[in-house]
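S.K.: Chains as they are written, first to last, in numbering that gives the first Met the number 0: chain C, 0 to 387; chain P, 0 to 387.
Hints in this document: simulated from the structure, not taken from any laboratory.
Treat the hints with care, since some could be wrong.
[What the hints assert, rightly or not] Derived SDA-like pairs (lysine to any residue); straight-line CA-CA distance at most 20 angstroms:
{"no.": "1", "chain 1": "C", "residue 1": "K265", "chain 2": "P", "residue 2": "D44"}
{"no.": "2", "chain 1": "C", "residue 1": "K257", "chain 2": "P", "residue 2": "G40"}
{"no.": "3", "chain 1": "C", "residue 1": "K190", "chain 2": "C", "residue 2": "A176"}
{"no.": "4", "chain 1": "C", "residue 1": "K123", "chain 2": "C", "residue 2": "P201"}
{"no.": "5", "chain 1": "P", "residue 1": "K265", "chain 2": "C", "residue 2": "M102"}
{"no.": "6", "chain 1": "P", "residue 1": "K265", "chain 2": "C", "residue 2": "E42"}
{"no.": "7", "chain 1": "P", "residue 1": "K265", "chain 2": "P", "residue 2": "D278"}
{"no.": "8", "chain 1": "P", "residue 1": "K177", "chain 2": "P", "residue 2": "D353"}
{"no.": "9", "chain 1": "P", "residue 1": "K190", "chain 2": "P", "residue 2": "P179"}
{"no.": "10", "chain 1": "P", "residue 1": "K234", "chain 2": "C", "residue 2": "M102"}
Number of protein chains: 2
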Amino acid sequence: MRDVAVIGIGETQIGELWDQSLRELGIKAGLKAIRDAGVSGDEVDMLYVGNMSAGKLINQEHVAPLIADYAGLDDVPSVRVESGGASGGMALAEGYISVASGMDDIVVVGGAEKMTDVEDDQAKEILSSTADQEWETVFGATFDSLYAMMARYHMEEYGTTKEQLAQVAVKNHANAAKNPNAQYPREMPKKMVVNAPMVSEPLGMFDCAPLSDGAAAVVLCPAEMVDSYRGDPVKLAGVGHGSDHMAVHDRRNIGAMKATKMAAEKAFDRAELKPEDMDFAEVHDNYTISEIMAIEDLGFFDKGDGGPATERGDTELNSEISVNTSGGCKAKGQPVGATGINQAIEAVQQLRKDAGERQVEDARYGLTHNIGGTGASAVVHIFERWSE
Amino acid sequence: MRDVAVIGIGETQIGELWDQSLRELGIKAGLKAIRDAGVSGDEVDMLYVGNMSAGKLINQEHVAPLIADYAGLDDVPSVRVESGGASGGMALAEGYISVASGMDDIVVVGGAEKMTDVEDDQAKEILSSTADQEWETVFGATFDSLYAMMARYHMEEYGTTKEQLAQVAVKNHANAAKNPNAQYPREMPKKMVVNAPMVSEPLGMFDCAPLSDGAAAVVLCPAEMVDSYRGDPVKLAGVGHGSDHMAVHDRRNIGAMKATKMAAEKAFDRAELKPEDMDFAEVHDNYTISEIMAIEDLGFFDKGDGGPATERGDTELNSEISVNTSGGCKAKGQPVGATGINQAIEAVQQLRKDAGERQVEDARYGLTHNIGGTGASAVVHIFERWSE
Numbered sequence: 000m001r002d003v004a005v006i007g008i009g010e011t012q013i014g015e016l017w018d019q020s021l022r023e024l025g026i027k028a029g030l031k032a033i034r035d036a037g038v039s040g041d042e043v044d045m046l047y048v049g050n051m052s053a054g055k056l057i058n059q060e061h062v063a064p065l066i067a068d069y070a071g072l073d074d075v076p077s078v079r080v081e082s083g084g085a086s087g088g089m090a091l092a093e094g095y096i097s098v099a100s101g102m103d104d105i106v107v108v109g110g111a112e113k114m115t116d117v118e119d120d121q122a123k124e125i126l127s128s129t130a131d132q133e134w135e136t137v138f139g140a141t142f143d144s145l146y147a148m149m150a151r152y153h154m155e156e157y158g159t160t161k162e163q164l165a166q167v168a169v170k171n172h173a174n175a176a177k178n179p180n181a182q183y184p185r186e187m188p189k190k191m192v193v194n195a196p197m198v199s200e201p202l203g204m205f206d207c208a209p210l211s212d213g214a215a216a217v218v219l220c221p222a223e224m225v226d227s228y229r230g231d232p233v234k235l236a237g238v239g240h241g242s243d244h245m246a247v248h249d250r251r252n253i254g255a256m257k258a259t260k261m262a263a264e265k266a267f268d269r270a271e272l273k274p275e276d277m278d279f280a281e282v283h284d285n286y287t288i289s290e291i292m293a294i295e296d297l298g299f300f301d302k303g304d305g306g307p308a309t310e311r312g313d314t315e316l317n318s319e320i321s322v323n324t325s326g327g328c329k330a331k332g333q334p335v336g337a338t339g340i341n342q343a344i345e346a347v348q349q350l351r352k353d354a355g356e357r358q359v360e361d362a363r364y365g366l367t368h369n370i371g372g373t374g375a376s377a378v379v380h381i382f383e384r385w386s387e
Numbered sequence: 000m001r002d003v004a005v006i007g008i009g010e011t012q013i014g015e016l017w018d019q020s021l022r023e024l025g026i027k028a029g030l031k032a033i034r035d036a037g038v039s040g041d042e043v044d045m046l047y048v049g050n051m052s053a054g055k056l057i058n059q060e061h062v063a064p065l066i067a068d069y070a071g072l073d074d075v076p077s078v079r080v081e082s083g084g085a086s087g088g089m090a091l092a093e094g095y096i097s098v099a100s101g102m103d104d105i106v107v108v109g110g111a112e113k114m115t116d117v118e119d120d121q122a123k124e125i126l127s128s129t130a131d132q133e134w135e136t137v138f139g140a141t142f143d144s145l146y147a148m149m150a151r152y153h154m155e156e157y158g159t160t161k162e163q164l165a166q167v168a169v170k171n172h173a174n175a176a177k178n179p180n181a182q183y184p185r186e187m188p189k190k191m192v193v194n195a196p197m198v199s200e201p202l203g204m205f206d207c208a209p210l211s212d213g214a215a216a217v218v219l220c221p222a223e224m225v226d227s228y229r230g231d232p233v234k235l236a237g238v239g240h241g242s243d244h245m246a247v248h249d250r251r252n253i254g255a256m257k258a259t260k261m262a263a264e265k266a267f268d269r270a271e272l273k274p275e276d277m278d279f280a281e282v283h284d285n286y287t288i289s290e291i292m293a294i295e296d297l298g299f300f301d302k303g304d305g306g307p308a309t310e311r312g313d314t315e316l317n318s319e320i321s322v323n324t325s326g327g328c329k330a331k332g333q334p335v336g337a338t339g340i341n342q343a344i345e346a347v348q349q350l351r352k353d354a355g356e357r358q359v360e361d362a363r364y365g366l367t368h369n370i371g372g373t374g375a376s377a378v379v380h381i382f383e384r385w386s387e
């Protein structure tokens with residue numbers, strides 16, 4: 000398999016973008032990435048698009064050729080990849096495999112979601128349709144309540160506190176305050192998070208990531224071609240997929256995510272790296288509890304130490320490991336199908352040393368972690384500074 | 000890239016399967032394919048699932064891990080691939096790339112759709128959501144009417160007749176009569192097709208493929224592993240993707256499908272074969288006009304000769320080229336996300352010489368052709384008898 004580089008990135012502002020449609024957002028991000036890479040449209044061999052539910056959110060299936068077409072890339076074949084919240088990351092994995100295999104050379108991988116064209120309740124219901132419809136949601140379990148169960152279990156089993164959960168939000172908002180594309184680029188006092196109205200106990204309003212519109216794209220090429228494009232490629236060093244039972248009640252331990260562990264193990268193996276090597280990580284913090292579990296399951300902290308580690312500040316910018324320097328789903332925002340690509344963009348900016356106030360000093364290795372549904376699918380990517 | 004073989008196939012009956020859910024269908028097809036290949040669940044590295052719109056049809060996104068889980072493959076990572084009607088074929092292409100690259104060894108590629116849990120009108124509307132929502136369907140254009148425009152143009156430009164369109168249905172029903180898994184395994188008199196009530200002029204009821212439930216799966220492995228499994232592998236010799244403008248009104252010529260031509264060209268190149276080499280082809284006949292255009296655009300007949308060729312009987316079983324020996328979407332049925340995999344299964348059965356009464360004599364090479372929406376995406380696969 001060939002080595003693969005990211006040579007271009009582009010993302011839109013994330014937020015409630017009432018005046019922009021899915022196709023507009025997709026086009027904007029895609030063209031930014033292509034321009035950033037310095038490739039021309041004719042050179043693009045394939046487009047992968049991560050999207051969770053355009054069918055239900057905007058009544059449009061078959062969104063990949065739609066975005067390609069309106070971006071002027073109607074000669075570029077395209078396909079949509081869906082895996083709930085992991086759609087973007089899964090699309091990136093397919094793009095990686097395609098370039099690594101030699102099937103394609105220049106591949107654009109985008110992700111996009113337009114969530115504000117429906118009522119909030121409806122959007123929440125659509126999110127919940129990535130859980131098990133027949134055995135969970137039909138009985139009234141929502142996404143929020145399923146994650147709340149995990150949080151409650153984690154608190155019982157490992158002593159994690161509501162303050163520790165809140166600290167995830169506080170940290171991620173502090174990072175988002177330094178990110179011009181973030182939906183909520185402002186700090187949030189811990190008291191406000193802890194005392195927020197309950198969504199599903201123990202998760203309050205500020206333990207939950209928002210509903211967002213947004214799109215993001217990256218351009219990939221094989222190692223042997225990087226010299227033809229811009230001077231600061233980033234290596235996509237490893238990819239790993241993971242899986243678990245669909246319904247939360249079927250899992251052996253709901254205080255950990257098997258899919259995350261599997262995906263991380265494979266990605267570290269392929270990259271020949273270890274958790275200790277990572278300087279930063281973008282982890283899937285759709286809820287504050289998700290980040291706590293992720294930093295444990297990815298191997299950065301022992302099981303049960305995710306909460307205390309967060310409280311100690313070990314995941315703050317330029318601490319032991321800088322986690323969600325972008326602001327994460329929590330504060331950068333969560334345009335679901337784009338999330339995995341937004342994460343990759345943060346990784347590339349960090350490794351290009353282009354992250355401004357959010358820059359992780361001497362960043363050499365970083366990881367992105369994207370999960371689908373309540374954790375039935377996961378994908379991990381490892382990024383590395385380019386070396387000749 | 001490594002050579003790739005199909006070593007297992009499995010499909011469900013296609014039809015209005017009121018008593019079976021999407022997950023049941025998916026599991027059934029997947030387990031049949033795994034058993035057919037003689038692999039065990041632990042050996043499977045990855046599952047790709049083609050599905051058009053489970054979100055809207057059964058209120059369930061994230062279907063890939065759902066099917067994996069309930070098939071007892073919860074340790075197998077999975078991802079859904081969507082490209083409208085080409086979802087199955089696009090999933091197969093991703094599976095192929097994954098094995099060819101060396102990323103995975105044993106890959107299961109499935110496709111499934113459950114279309115009869117909603118009213119017919121609603122299913123038709125969902126199918127139409129693979130056309131351009133903002134510029135076509137919102138103004139009342141349906142899938143039927145968009146294909147009817149193509150048919151009308153083809154008739155005007157090339158003299159194609161309603162009888163020639165009808166002959167596609169007659170032929171495909173004759174083939175389906177020999178296929179035990181077909182939704183309509185019976186012959187249909189030409190008069191009945193020609194005189195059927197109009198759906199969208201010039202397309203009558205029997206010019207349109209039905210709404211169907213069904214699932215299908217294949218198992219892939221690299222060439223070097225075929226000896227470990229059953230004795231009659233089939234080579235997946237080439238894959239090609241194609242694309243076009245999303246909206247029909249943006250295309251230069253609506254009497255031909257650019258996406259099909261692109262996809263075929265690439266697939267033939269990769270397989271180092273030509274249209275003349277093909278003994279049979281499963282083409283995407285969601286409407287009778289689609290088959291006429293496909294056999295021209297794939298290079299089997301000159302543009303405009305698709306209708307006459309069909310009338311001459313050149314596409315019948317064991318004629319010049321045997322087209323849709325399975326019965327096609329028209330008569331075998333059209334469980335949308337499964338279609339591309341159903342086609343691959345017919346190809347494998349033909350090359351294994353396992354197609355019974357439908358057997359193409361001395362079949363050595365065959366092609367499958369799967370299109371998404373009204374032709375904005377397409378994918379072509381070429382299959383070849385295995386030779387040591």
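S.K.: If a hint holds in the structure, say so; if it doesn't, say that too.
M.R.: Status of the hints after comparison with the structure:
With a CA separation close to 12 angstroms, the supplied pair K265 of chain C and D44 of chain P stays within the 20 angstroms bound. Pair hint K257 of chain C plus G40 of chain P holds up; C-alpha atoms about 18 angstroms apart against a cutoff of 20 angstroms. Restraint check for K190 of chain C and A176 of chain C: the C-alpha separation of about 18 angstroms stays at or below 20 angstroms, so the hint holds. Our distance criterion of 20 angstroms between C-alpha atoms is met by K123 of chain C and P201 of chain C, whose separation comes to about 18 angstroms.
For the hint pairing K265 of chain P with M102 of chain C, the CA-to-CA distance comes to about 11 angstroms; that is within 20 angstroms, so the pair holds. Between K265 of chain P and E42 of chain C, the direct Cα distance comes to roughly 16 angstroms. Compliance with the 20 angstroms bound is thereby established for this hinted pair. A C-alpha spacing of about 19 angstroms is found between K265 of chain P and D278 of chain P, which places the hinted pair at or below 20 angstroms, so the restraint holds. For the given pair, K177 of chain P sits about 12 angstroms from D353 of chain P by alpha-carbon distance, which is consistent with the 20 angstroms threshold.
Using a Cα cut-off of 20 angstroms, the hinted pair K190 of chain P and P179 of chain P is violated, with the two alpha carbons roughly 25 angstroms apart. For the suggested pair K234 of chain P and M102 of chain C, the alpha carbons sit about 17 angstroms apart, so the restraint of at most 20 angstroms is met.
Taken one by one, the earlier hints fail for this structure only at number 9.
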